Amino acid sequence: MSPESFHTLYKLLGSVSGFIYPNELEIRWSILIVVYPYVTGLVAGAFILASLVKVFNVKDVQPVYRLSLLTALAFLLVAPLPLQAHLGRPERAYEIFLTPNLSSAMAMFGFVYAWYLMGVLLLEMWFEYRRDLVVWSREEKFPMSWIYWILSLFSRDVSERAVKFDMKAVRTITIIGIPSAFLLHGYVGFIFGSVKANPWWSSVLMPIVFLMSAIVSGIALVIVLYMVLIPLKGGKIDMKCLDTLTSYLFYAVIVDFSLEALDFIHRLYESEESIQILGVLIADKLMISLVVIQILLGMLIPAGILVAVKSMKFDPELRKLLYFVSAILIQIGIFSTRWNVVIGGQLFSKSFRGLTTYKMEMMGVEGLLVALVFLILPFIILGVLVKIFPPWKASELGEAKTS
Amino acid sequence: MYRRSFLKGLLWFISARIFSRNGVTRAIASTNPDTTATTHANGKSIIKGYDPTRHRYAMGIDVDKCIGCNRCVEACTVENDVPPEPFFTRTWVERYVIKKDKSVHVENISNGSDGPKERLEEADILRSFFVPKLCNQCENPPCVQVCPVGATFSTEDGVVLIDSERCIGCGYCIQACPYGARYLHPKTRTADKCTFCYHRIVKGMLPACVEVCPTGARVFGDLKNRASRLVRFERMNKIHVLKPHLNTHPKVYYADLDGEVR
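Protein chains in written order, with the working numbering: chain A, 1 to 403; chain B, 1 to 262.
Hint data in this document are derived by calculation from the structure and do not stem from the laboratory.
Note that the structure is a prediction, hence the values are computed from the model and not measured.
Beta carbons are placed, not taken as given, at the ideal position from N, Cα and C, and that holds for glycine.
Incorrect hints may have been included.
[Unchecked claim] Negatives, chain B to chain A, calculated, CB over 12 Å: (1) 51; (2) 53; (3) 67; (4) 74; (5) 78; (6) 99; (7) 119; (8) 122; (9) 123; (10) 124; (11) 146; (12) 168; (13) 200; (14) 234; (15) 240; (16) 256.
[Claimed, not checked] Per label pair, the in silico range of CB-to-CB distance: (17) A:56 - B:258: 56 to 64 Å; (18) A:55 - B:240: 51 to 59 Å; (19) B:226 - A:273: 42 to 50 Å; (20) B:99 - A:362: 40 to 48 Å; (21) B:226 - A:263: 48 to 56 Å; (22) B:227 - A:270: 34 to 42 Å; (23) A:11 - B:99: 25 to 33 Å; (24) A:98 - B:258: 41 to 49 Å; (25) A:224 - B:240: 50 to 58 Å; (26) A:276 - B:226: 26 to 34 Å; (27) A:266 - B:99: 29 to 37 Å; (28) B:4 - A:165: 38 to 46 Å; (29) A:159 - B:4: 54 to 62 Å.
Here chain B stands alone, though its shape is the one from the complex (with noise of 0.2 Å):
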């Protein structure tokens, strides 16, 4: 008898198991900062209505509209729970220092994970800008494509997420990612990355970092809905996305974005 209802059981849990793989219910209990039962059922009332096919999220930076203040990346680090240290991001801003000599200075200016700094001098240089860089949420997923057990998954409105639950922290979808996008959380020891704010935006609320950015360098919208900021700026940019040649479809279009941007 016992045998019988413990075959049973393993026999639910197995399909349940394969079953629940995507949803909405399992990206909002994935993505929010306090993955704990009660948000898995505030997950459960804030999908009330929501309809994941409606949507199509993307995010559009403005190269020359960022002053490098850092205010995305803090705004970021508080919302998500991202780990202090300076090796650990979910979005960061780089800024580019071509030289008369067309020598390129790249320098992370948000959390100094880079080498000791070398200073400029203004005389010697020809242009510069930042960059702010974070997941920038593919089409064609080279992370979800690798992820042996399926905890890294697109959304039906175009977010790539991490179920933390499931996450075994192989790391492979760490090597996968061209942008460095991705890190070990080390505190729940699996991957983790930007999720453009998954549980503000279903609830209609803008991404954090887009939320306090002072310039609209970051413009955040609905591709499928035509009133949308992103839309509109599509239109009115020359729009250029981070290593095309690998095929992965980003969702992060840059307008004014030099060359030397890898």
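Chain A on its own, in the form it takes in the complex (with noise of 0.2 Å):
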């Protein structure tokens, strides 16, 4: 531990209100925790967007379906990493792999990331790129030629009846994918709803609560992404499609905000030990982060907007400009969901009798500056990703252009 830190946790031990253990002073789960759970969130959210074209049949999203993969693996290919930098010891980090201790939630990470990655993504990706990565193997120059061809594991049947299997391989995967998903993003939210000493945590809605943020901050994801790459590629927006992701987008907000709404009635009604503590935590530490910006902006304004835009015939433009603003505003929303969460968990003492205070860093490993290059990671990525795996067919681009 750096010097700097020292200093730093001396200087908070004038900001503890009340009675904390004198242990509890540090917030051992940094911003890169907060980080973890928002990028897992994302993965899950794109990929069960993503399904809804395979397995439900939902033709209108069809548009963003490969983005929604690509997302997806960008995602998740930066998910661990957080992880690996927060430990205090990363250079263990295998002992997971090795010795897992079969009663942690934990320990089940490596091998839920490695299944979903491996088992699930690659695979479906594989299956839809198939018949894509063999014509371009063929049309591309050398070196993408070769490299098309390598990534195609060195197939060459484009039949109707290889092709054919190839969707129906892609429609299982995704019936696997979404309990998959599910797993993915519902066993972060068992990791904090199963820690018992904490009541903040302590839920058995919480994975389920976790899911449902993970779906509305993976929809939002795209339709931004949509919105900003379409007009990039020279294409046109497709308004049916943008209008139908928006929908799907504000019945997965108003899921989310009443499980959220009833995990917080159910407290508030059961009135446990903890009950004081929680207000008083809301009310000093969380009422901006939880409040303002996560019920206030990142739910209650952007659902406003939906119903208005859902209810009154605006323009296309004018009705993109407030899908563009909601999710955006949904976006920070979910990542300060994650924050009250992990940070909000760690605030209070788990004597209940005071409260204690998080000094963000900037430049540290723990700090904003780290955080910040794992948010912004997975967007290069997702740009090296789609210059490889083009989401669109100049075909789909141009017809978008004529309708």
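Put the two chains together into one complex; each comes in its own frame, and the hints tell you how they fit.
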């Protein structure tokens, strides 16, 4: 630990209110652990959106199918990095695979992650892109032709039968993928929800709240990406797709909000031993991040905007603007949700008699800068993925242009 | 040929890691304050003839006897290489003051890690007492349950220990402990907490905090030994444990504990 960290902790001693156990001064799970469930949520949400097309045959959102898969992959590749960076002994991370403690929820991370990456996402993408990879390996020049050929795992068969098999495989994988995506993020919620020592976390609803907020954030992200990437690629935004996407986004927001409201009312009504300190926590420490950003800006305002757009006949340009603003607000709101869970849960003492303060580092390993890198990195990876695996065919962009 | 020997080595490495989970040798090695190769060797010689299955260690705290002198905290710090900073500790003493208006004021008098102190008028005070705190060495420890790599484990003689050479420093155990007994050691970057001075007790010595307590407020003993002071302590007092509703089954027993203590 650096002398600066000690200095910060000494300074924090003065800002403790009430009584805390001595070891509780330091917030052990920092901004990086806020980034982790946020990023994983985006993965699960984007994948579930993609599965709408394949499993539930929602044809309207077909234009974002491949984009959703690429987004899920880009964020999934980054998901373990904040965890790794956060460890006290990152060089020993492999122990989690070698000697996993089967009673630990966290020990399952490696296996859930590996299954989701290898067993679901990469496999689905391969079948989805296989035909195109073969075609591109023929059309493109060296070295891309070779890259596509290798990525297609040297397959050459683009016969109708083969392509039909690909589509069947994609559908099967997606059906397995939905519970896997639920597992991936529900499991993250379980890591928090199963900590009985912490009344802010300990809730049976936690995995399901995490999951719903994941779906919300995933759909919102894909909307933003679609609205930014399509004009950049010279295409025209498919309004039918956007309208359907935002409808799903709205439903997800309503379910998410209802679940969180249920959790809140349940706690308030049961009024257990911890209720007083949790009240103080919200009033003193989380007023801005919970009430203003998460609930008002991240939920009520965008939900209101979406209701207005759906019930009134705005012209497409205004609709696009309002959709975009809602999606961005929701994104900020969900990040704030993660913050309130992770940081909020460590701000109060388990003696229920006092509060500590979180002072975010700027430059350190667990600082803001590193967190920003982990938040920006998936977009860079996505940029590369979109370049290598174009989510839209030229004809699709062209069709949209003429429609 | 090289590949074969590499694979063979890898297989040995993995199986050795998987099967070297518990055991007293690991326990001694993981609790000795200076874990060097020699102390590992010493650890083996210490445990010669020691049978952990014949012991069940626990601690009693006689709340009324604690005078808040903090010698226990000092002894622990010296014995176990606890960082000097006030926000990392293996044991501490809380002072409770319950005022006549029933408001409760709690203060950590060991290392001043809570906020600014308030001066209380004597006339307003209803009752006041000290409560030493430490790891509760739970029978059903949430820290052991959540540790992803099995670095935190329960020994056969009833102590919860951390293998600092396996701990990855994820902090899940710190979050799971309801008693705030754990911290991440700033030097080793691994979790740390009270071990009942395991390196001492297997030699038949007392934990450092118990040995220095001038009033006998801390009572250490072996539940499997009927002649133990702790067994007598349990017999002679009304016993309570901290946060019993969490079903952790602590093995730190408090006599005359006030209902305000959490």
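Each hint, compared with the structure:
no., hint, in the structure
1, 51, "26 Å, holds"
2, 53, "22 Å, holds"
3, 67, "20 Å, holds"
4, 74, "14 Å, holds"
5, 78, "17 Å, holds"
6, 99, "14 Å, holds"
7, 119, "16 Å, holds"
8, 122, "20 Å, holds"
9, 123, "23 Å, holds"
10, 124, "18 Å, holds"
11, 146, "5 Å, violated"
12, 168, "5 Å, violated"
13, 200, "22 Å, holds"
14, 234, "26 Å, holds"
15, 240, "16 Å, holds"
16, 256, "19 Å, holds"
17, A:56 - B:258: 56 to 64 Å, "59 Å, holds"
18, A:55 - B:240: 51 to 59 Å, "55 Å, holds"
19, B:226 - A:273: 42 to 50 Å, "37 Å, violated"
20, B:99 - A:362: 40 to 48 Å, "42 Å, holds"
21, B:226 - A:263: 48 to 56 Å, "50 Å, holds"
22, B:227 - A:270: 34 to 42 Å, "47 Å, violated"
23, A:11 - B:99: 25 to 33 Å, "30 Å, holds"
24, A:98 - B:258: 41 to 49 Å, "46 Å, holds"
25, A:224 - B:240: 50 to 58 Å, "55 Å, holds"
26, A:276 - B:226: 26 to 34 Å, "44 Å, violated"
27, A:266 - B:99: 29 to 37 Å, "33 Å, holds"
28, B:4 - A:165: 38 to 46 Å, "40 Å, holds"
29, A:159 - B:4: 54 to 62 Å, "43 Å, violated"
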